[in-house]
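**Student:** Sequence:
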Amino acid sequence: MEAARARYEALRSLADRLDGLLTPHTLEVQSRSDWVKEKVREIVREGYRPVREYGVRVNVEPLKQAGILSRDAQRVGG
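Residue numbers for the sequence shown, in this note's numbering: 13 to 90.
Any given hint might turn out to be false.
Claimed, not checked - Under the rule of at most 16 Å between Cα atoms (straight-line distance), these lysine to aspartate or glutamate pairs were calculated in the EDC-like manner:
hint	residue 1	residue 2
1	Lys51	Glu65
2	Lys51	Glu40
3	Lys76	Asp31
4	Lys76	Asp28
Keep in mind that the hints were calculated from the coordinates and are not lab data. The model shown is predicted, which means the values in this text are computed figures rather than measured ones.
All chains should be modelled from the sequences, with the hints used to inform the complete structure.
**Tutor:** In structure tokens, the structure reads:
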């Protein structure tokens, strides 16, 4: 029963992070590139809306900051 409760809480936490990602918000982006910063802000301004043409770096940043991706994703940067 305790394992089921822990799993439920983990899934509830993920659902909350996804809900937060899909609502309009702003992010502080750590990048050397002003273009990356601008494009990340653009794709979250009205809720997370990835743009294929912007590439992995831009589209993954909001997922990283929301804690949705594994720690390995923290290596994606630029």
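**Student:** Now tell me if each hint is right for this structure.
**Tutor:** These are the hints, each one checked on the structure:
At most 16 Å may separate the alpha-carbon atoms for a hinted pair to count; Lys51 and Glu65 meet this at roughly 11 Å. Taken as a hint, the Lys51 and Glu40 pair is honoured in the structure, with Cα atoms around 12 Å apart against an allowance of 16 Å. Taking the CA atoms of Lys76 and Asp31, the gap is about 15 Å. The hint holds against a cut of 16 Å. Proposed proximity of Lys76 and Asp28 is supported: the alpha carbons are some 15 Å apart, at most 16 Å.
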